[in-house]
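Q: Now for the letters of each chain:
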Amino acid sequence: MAGADLIGQSVIRPDAHDKVTGGRGYPVNVSMPRMLHAKLLRSPYAHARVLSVDTSEAEKLPGVKAVLTAADVPQIPFSPVFFCPVESKSLVRDMLILSDRVRFAGQPVAAVAATSEVIAEKALELIDVEYEELPVVFDPEEAMQEGAVQLHETAANNVAKNPAFEFGDVEAGFAEADHIFEGVYQTQRVHTCYMEPRVCVVDCDRAGQFTVNSSMQHIFGLREKLAYALGIPQGRVTVIKPPYIGGGFGGKLDLGYIEPIAALLSERTGRPVRIEQTRYEDFITTARHAIKVYLKTGVKNDGTITAREAKSILDTGAHATHGAEVIMVHGLFGVVFPYRCANKKWEGFTVYTNNMIGGGYRGYGCPQGCFAVESQIDEICEELDLDPIEFRLKNAYQKGDPHPFNPNWSLNSYGYAEALEQGAERIGWNQRNPAGSSPGVKKRGIGVGTQGIWVSGCMGFPDILEHTGAIIKLNPDGTADLASGSVDLGAGQNTVLCQIAAAEIGLEAGQVRMSYADTNTVPFDAPIHASRGTYSSGLAVQTAAAEVKKRVLEIASFMMETDPEELDISSGQVHAKGSPETGIPITAVIDIAESPFIVDTEEGPGPSSPPDLKGTIMGTSSMAPPENPSPATALFVEVEVDTDTGVVDVLRCVYAHDLGRVINPNAAEGQVEGGMQQGIGYALMENLVFDQETGACLAGDFLDYKMPTAVEMPRSIESIFIETIEPTGPFGAKSLAEQCVTVPAAAIAAAVYNAVGVRIKDLPITPEKVLRALGKLD
Amino acid sequence: MKQLITLNINGEENEISISPDATLLQVLRNELELQGTKRGCDTSACGCCTVHMDGKAVYSCVIYAMAAQGKEITTIEGLGGNGQLDPLQDAFIQAGAVQCGYCTCGMIMSARQLLDDVKNPDEEQIRHAIAGNLCRCTGYTKIVDAIKMAADS
Amino acid sequence: MALTELKEFCLPESGSEVVSALDKYGDGSLFVAGGTFIHGLEARGFLSGVEALIDLNQLGLNTIQSERHGVRIGATTKFAALAQIPGFDTPAFGALRDALSYPPMQIMNQATVGGSIAASCPFFDVPAAFQVLDGSVTAQGRGGPRDLPLESVYAGLFDNSLAADEYITSLFIPEQHARSCSAYLKLETNANDLALVGVAVRITVGKALTRKDRIRDARVVLGGGLGQTFIRSTAAESVLNGEIVGEELFQKAAEAIAADIDPISDQRCSAEYRAAIGQVYVRRALQQATQRLE
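Protein chains in written order, with my numbering: chain A, 234 to 1011; chain B, 169 to 321; chain C, 891 to 1184.
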């Protein structure tokens, strides 16, 4: 593999210098001449009809240029989710830009564009809205009951989606079991907490062409959904790819209210319109869905799983949005697929309530399932006195097994067992004490959480877009420009894609630059989500880069009078294979390609090369990846529980993960370490709570929404990367990032049990819950 | 009612017209277009807005611009100089401490005061010094590494 | 968002300029020093109709002066400067050192003594330490200065007892006994948090922590959500006074706070939990304080 010595190098991020000196590229920095500022008026009621909206006083305020209500906007129901075509059967089109029916506290009912944010806010106070309050329902199981208030006409019993899967014969499986375990596991709403707020600037020109700058994870999805909601052809919308955004984590994977509203205000005023959400608004814009899992598993005395049956209730809030898909991913990857067993049955419900809408978030339903499945395994092992590692190995998939989702694929590279075994050894699994047995007030424990089946992209899933493209061209100075629709959320997409391109072509690190792109200039790219950046986008980049290399060698073979098969490129030098110190620099090849056909020499004018070797050296691709290979993960954590206060401290994490091949070790470690922060927050402290009567968010700022600071993080986080070399992946790579957030809650819950002998089955595991479980609160 | 004031930012005097409720953060970003200082929340809890006032790290989102008169304000744009990076900026790059980067400038400003006050901080001192700066991407590990690296250099 | 009705940001350089600002805006004015809590209060709807902010930082109230029998600390003194208090490193001031170990750097550099007291916020740390050291404040109004013990400043949650024209000019901490020791403990969810439970204790003993030397002058101040304001637990203090230091005594004192607290339940945790932690922390704070004398 030529240039492959770049793979596995911790290449410095190309955008780091910019970011440490200020960071120019964030969408929050975008400003345009004569730009207006808009604000949204949000309903204080969780369920209401809007009877009237009087904007006359607001319109009179000096500086106010336009006001919108539901009557002023297209009423085209849409689903905001980026990664499926908008009219897919999988999605539920139940949202409107502005509506006369409010279904969650905070839903926008009007908008104002003014010459400053302050004036826009003042104008909001002058808008008079008459609401008719309607009965509310906040609990999804209540919402499913007969007689509950109906939130959408199309959804009987407030059920937006009700998928079910059955394999084998669960009745027979349970009959075969020596023991049956049942449990109920509840997870909470949490927020992605991307640090850059949702923000957009939309500019409508005189010809009705919209140009959009937005802090989003997908430029093409934004274009499609925005055009759809506005009722215009996609060609009238251009979305500019930002150089990078300030975090996404799945929380910027859908059309917000702000983009269509800004678009309409811009159209009306003839000026660009900017909307930046407040942190409170961000907290009520997107969340990981709360899911309640009823889980039943049958096992034999030796730990073999004979049957599994489960029901999941997902609270999707006022609109289905991502809840329509999260339930599927949760059910399949979170509950059904883990562990080999012929008899499985699962039913899921995506239920409407008057809670806030949900979004995507790293793991996308899998963490909620992993928490249930892994916690129950821990219970089973404790009850039957089985070793949790052995239990998992016994029931795990093996390398070469058919993929549970698509039997046409195999688990060609599969390091689950290695991850478990190596992680167990590193943490000192064999030195674990029996649950609750350590002396003293502060007790330590070790736990494990695993995820055996996940994705590298979305290939093969119904309705989910999964094709990617790239354009690479070489510059006269030997550098390359890569144009791709892949947005860098911070995880290092820019870095890794440029690294793959450089490695494939044979350039040095830093010689490939991620350049400008928008929806007009590059081929379609599926969103940056579903852990697909390295595998799917990486493959497309590698393919385009291979074309570049091929062209270089074609021209070089003319120049060096050698067969192209005899040539290779290393560190920007084209040379005979095996002799990297010989040959010609790539710049000489580019020079021939880009120089005039006829050049004037001492001997007079003559051709510099055959005409068919002329032209910018470039490579393009637009392709779907061939498969969807599964990574595998095992996380071991050590915790210390203060039995007088219930406070849980995570002391140490050992994260073992089969990712096929490490492209950039430093970046990969960064994903793990960041994942631990999010996972620990999810397990122990984060909770988007709402007033149970009004639906108002009670944790809408960082004063009350707690996530780990540097002080709460474990002082030791170790990453063990298992390289199984996935045959279909770029340089053997599969995915990493989402698993880092999927497994911590289960591992921590198990560690808490090992420390103090109490099992908490609803997240977050707060000190109060622990103390209560210890019997120390009356 | 707008008022004309002068603020000393990164050693330069700047005359700007502001309303009384303007915060230093708003003035830096909007009037002066120094976009390195960032807004990540509205209740002085995230640290993205951290700048130095007379050499001390503060949340610029709670400093009223009027109250910043007569002070020396240093933003990320004022670190380093003559084309050179501050050792902290360089260390953040080298250690891989920058992912999305939105918290980075605030982190560096907090760390800058730490290293001005304490020559060789230990890990606990470093973590406490950045307790007022939230990061969602990195888990703080490589940020701590970078600060240590800068302290050692 | 900022206080959108604000008409003026006043920077008075003398007491009479303060009075002029008050004359102009009356009830529509709000004193500000560090300003670190204003946005939090505003976000929760506690501030409205504020037409003028009166910034007190230009009045020269930022000095630390030794006086007979104690130290006088100017109201606009920043937290970070408090380490200069004479005796700061002694066991008696342990509670203040502990309290100052919690706020992040940006708060240490900006928050002020007077502001943290006037906020009447039981979720703060530093005022609990001031109170356990018998701090008192001087407040200045049109009618002149008056002194009041810290407890009298607190009327209710985020509500102080000062008149609209009054602002704190200084805090006085009396000289502490050489055999006093104090400590402060805080329960927080992360390191940038208000106190869920805050406990400050101070006890004074004789020459040695032995049988002969009984506790006197005990102070137990409870904050966080243990009440609507800081609560002084005289019940716990009565248990401690006259007794000899020991684990069982500390436990008994801890249990006694139940008589004085009225904990709140909120989305962070229940009153019951706070009450339980209050006890645990009183016990631990007493241990931490007395360890300083060993």
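Just so you know, these hints were derived from the structure itself, not from any lab. A virtual CB, placed ideally from N, CA and C, is assigned to each residue, including glycine. Check each hint, because a few of them may be wrong.
[What the hints assert, rightly or not] In silico lysine to any residue, SDA-like type, Cα no more than 25 Å apart, as pairs: (1) B/Lys239 x C/Thr980; (2) A/Lys544 x A/Thr444; (3) C/Lys897 x B/Gln237.
[Stated by the list, open to error] Footprint (simulated), chain B over chain A, 3 or more residues, beta carbon under 8 Å: (4) 639-653; (5) 756-765.
[Unchecked claim] Output of the computed footprint for chain A on chain B, the stretches with three or more beta carbons under 8 Å from beta carbons of chain A: (6) 171-182; (7) 208-220; (8) 224-231; (9) 277-289.
Q: If a hint holds in the structure, say so; if it does not, say that too.
A: Okay, the hints, checked on the actual structure:
no.: 1; hint: B/Lys239 x C/Thr980; in the structure: violated, 34 Å
no.: 2; hint: A/Lys544 x A/Thr444; in the structure: violated, 44 Å
no.: 3; hint: C/Lys897 x B/Gln237; in the structure: holds, 18 Å
no.: 4; hint: 639-653; in the structure: violated (count 0)
no.: 5; hint: 756-765; in the structure: violated (count 0)
no.: 6; hint: 171-182; in the structure: violated (count 0)
no.: 7; hint: 208-220; in the structure: holds (count 7)
no.: 8; hint: 224-231; in the structure: violated (count 0)
no.: 9; hint: 277-289; in the structure: violated (count 0)
Violated hints for the displayed structure, listed by number in ascending order: 1, 2, 4, 5, 6, 8, 9.
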